[in-house]
Amino acid sequence: MLSADYIRKLLPVATDLTAAEIGRHIPQAMRDAAVYSARTVYVGHVADTQQDLATALDGKMSAAQVRGLMKLRLRKLGFAPSEADAGSLADLSSDARTSLIVSHQMQRASGYAKWRADQDADILDAFPGQEMYRASAAKVPRDWMRRWNDARAALGAATTATEATTQDGPFVALKNDPIWVHPSVNRFGSPFPPFDFNSSMRVRNVGRRRCRELGLLKDKELSARLLKPARDPMDGNVTSSSAAGMDPSLVNAWADAFGGSARVYTGRDGLPRVAVAPDPADVLAQISEAARAGAKAEADFGLAPDVLTKPGTLKTPVGPDTSLRITADQARHIIAEHGAEPRAGQAAVTYGDISAIPETLKRGRWRESTEQEKAGYPGAAATFVGEDGTVIAFRIGQGKKSRHMTVQTLYKVKKENPPQA
Amino acid sequence: MRVTGESYNMLTLDVNLSDARLRETLDAVEAKLSPESCAKVAAEAGADVVRENFITLSRSRHRQGQRLNFYQQAADSVIREVSGGDALIRIPHTGVAQRYYGGVIKPSGRPSAVTGRPVERLAIGLTGSPGEGHVPADFPALFLVTKRGVKRGDKSENAFLARKTGGGVQRLFVLVGEVRQDEDKSVLPKDDKILEAAAECILDLYDAATEKNT
Chain A
1 MLSADYIRKL LPVATDLTAA EIGRHIPQAM RDAAVYSART VYVGHVADTQ
51 QDLATALDGK MSAAQVRGLM KLRLRKLGFA PSEADAGSLA DLSSDARTSL
101 IVSHQMQRAS GYAKWRADQD ADILDAFPGQ EMYRASAAKV PRDWMRRWND
151 ARAALGAATT ATEATTQDGP FVALKNDPIW VHPSVNRFGS PFPPFDFNSS
201 MRVRNVGRRR CRELGLLKDK ELSARLLKPA RDPMDGNVTS SSAAGMDPSL
251 VNAWADAFGG SARVYTGRDG LPRVAVAPDP ADVLAQISEA ARAGAKAEAD
301 FGLAPDVLTK PGTLKTPVGP DTSLRITADQ ARHIIAEHGA EPRAGQAAVT
351 YGDISAIPET LKRGRWREST EQEKAGYPGA AATFVGEDGT VIAFRIGQGK
401 KSRHMTVQTL YKVKKENPPQ A
Chain B
1 MRVTGESYNM LTLDVNLSDA RLRETLDAVE AKLSPESCAK VAAEAGADVV
51 RENFITLSRS RHRQGQRLNF YQQAADSVIR EVSGGDALIR IPHTGVAQRY
101 YGGVIKPSGR PSAVTGRPVE RLAIGLTGSP GEGHVPADFP ALFLVTKRGV
151 KRGDKSENAF LARKTGGGVQ RLFVLVGEVR QDEDKSVLPK DDKILEAAAE
201 CILDLYDAAT EKNT
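So the protein sequences, as listed, match chains A and B. If you count by the numbering used here, then the first sequence holds residues 1 to 421, one letter each, in order. If you count by the numbering used here, then the second sequence holds residues 1 to 214, one letter each, in order.
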């Protein structure tokens, strides 16, 4: 299931921060890529819960079982709440807390799956809009009318949102309208529910003719822009977001939890930012699969190494948010050129070597590519020469929104013929 | 278009279907209304009806005080799939199929997460007790209580899981050898509702195709 895959891809992070502190001091890009629970420092518990949630989303375990296992695990870990916290949300093992985590994370994963499935040209044509509605009564209802209308007013001409005239809405806008991620409406910033903790607000499709009646399609230019399928941040792309105004020590601590997959840097505007790369093992496995199947695919599998972002190795250092990228076409090309019949002095390259690129890049050195390696490419290029004889050439490119270093070729020089470093 | 006058009170319009502009619109409509596209949007429309049905059930059947909302989670789990021109709706939520078809539920025999021993009896939360809507792992230090005179291995409703509370014993779960669940077809909406929604959304798709070519 897409929802289960989504939750499996997240990084479990231990944190002693409260939910409010996480919202204030942890950049969106890291929150989106992580599974965590406020004031939960048992990372093993978070990871096991993540697996159980994925099993439940696959339809192989009930939500009540996931909750029961959470409590059982915490008892085994020796967790005991303080007398004051017992039974409250602050008690990690309470019914209130464990239920909140299970329902929130399952809703988050299902929300993602629905959003992802909606990013399809036919679906956006037939159901261009969506409506937020209350699925069940709340003990203390939030003021969604005010939140919605505040966001609508702040967005002005950039939104197609209807004006809410009652606490029941109407809360309707085109599916990729900025109102869905506006902080007034959405506490978490992802374009899908849940929009707040313990919230029963859900979204449902609104058909094209109804959208027209509501005036959502009036501005042709705006609606055309908002009805383009959005890029999925889980599709192997480096994501970045602002860390301005956040506590640097907290941001750095979270970035450390991501290992080499996250980097804190200074953006072009001089403000701190964070870039997060997807799990390289997952990305490279998917690219290899696509290459074998003859399909087209491209994905980022990491961030450019520190050494290339500073002066000294390349004539022009690359930006700190530059991604390492690979395409299925290039993976196929590498196997065709250097696979079954390698050139003299070279060893055969396999898809295993492509999957091992992140490991290979840990031992060796970088340099400017030679003209021969650039093979007529007019732009900048860098080559990595591994201690094990693996040579990987990258082209440095600039996309519409991001910079990337794309694997151009990979070959392995036999040990008796060490490559030129 | 050619207009011919057959008499003073009748005109016949001969529409040239090979006209480039008309052909373009017809081609666009044909492409937009391909079997795959129609199946996709019909599946999504059907999925919406199924979601709505679960939400309605969650409002009437969700018991106060239960923190995990089974029907709301069932609604969240609904996804569409297509296989060529076939539209499919999947509900990957544990327990929905059991409710729909009904039948006998038996212990899995797999090791229990709590005791580590194979599960030979089902623990059913007692209505009105804190065990309702929960599993034994939710509670620490449960112990077995049997009715007086019950023999070892008896799997009738004579054994309970209980906990100590303030000097007393509170029964939370009854242990049974099997449970029969009646079928409940109302967990899914009627076919005609799904078909009606599917037909409506194809009109929306048609609307999109014509709008883009006018």
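Source of the hints: derived by calculation from the structure; they are not laboratory data. For every residue, glycine included, the Cβ atom is placed at its ideal position computed from N, Cα and C. Heads up, some of the hints might be wrong.
[To be verified] Residues from chain A shown here face chain B by an in silico Cβ test under 10 angstroms; the list is partial:
id : residue
1  : 4
2  : 5
3  : 57
4  : 62
5  : 102
6  : 111
7  : 124
8  : 150
9  : 153
10 : 204
11 : 335
12 : 360
13 : 361
> Against chain B, with CB atoms and a cut of 10 angstroms, does the hint on residue 102 of chain A hold up?
Replying inline: holds (6 angstroms)
>> Does residue 335 of chain A hold up as a contact with chain B if the rule is Cβ-Cβ below 10 angstroms?
In response: violated (31 angstroms)
> Against chain B, with CB atoms and a cut of 10 angstroms, does the hint on residue 5 of chain A hold up?
Replying inline: violated (12 angstroms)
> Do the numbers back the hint for residue 111 of chain A, that is, is its least Cβ distance to chain B under 10 angstroms?
Replying inline: Nearest chain B Cβ about 7 angstroms off; hint holds.
> Was the hint right that residue 124 of chain A lines chain B, CB cutoff 10 angstroms?
Replying inline: holds (9 angstroms)
> Once the shortest beta carbon distance from residue 361 of chain A to chain B is found, is it less than 10 angstroms?
Replying inline: violated (38 angstroms)
>> Given a cut of 10 angstroms on the nearest C-beta pair, is the interface hint for residue 57 of chain A held or broken against chain B?
In response: Holds. Min distance 7 angstroms.
>> So, as I understand it, the hint says residue 360 of chain A touches chain B; can you test that by seeing if any CB pair is closer than 10 angstroms?
In response: violated (38 angstroms)
>> A closest beta-carbon separation below 10 angstroms is what the hint needs, so does residue 150 of chain A meet it against chain B?
In response: violated (27 angstroms)
> If you take the shortest Cβ to Cβ gap from residue 204 of chain A to chain B, is it below 10 angstroms?
Replying inline: holds (6 angstroms)
> Holds or violated: residue 4 of chain A as interface residue toward chain B, Cβ cutoff 10 angstroms?
Replying inline: Cβ of residue 4 of chain A sits 8 angstroms from chain B, so the hint holds.
>> Less than 10 angstroms between beta-carbons is the criterion; does residue 153 of chain A satisfy it with respect to chain B?
In response: Constraint on residue 153 of chain A not satisfied, violated at 29 angstroms.
Of the hints listed earlier, those the structure fails to meet are numbers 2, 8, 9, 11, 12, 13, in rising order.
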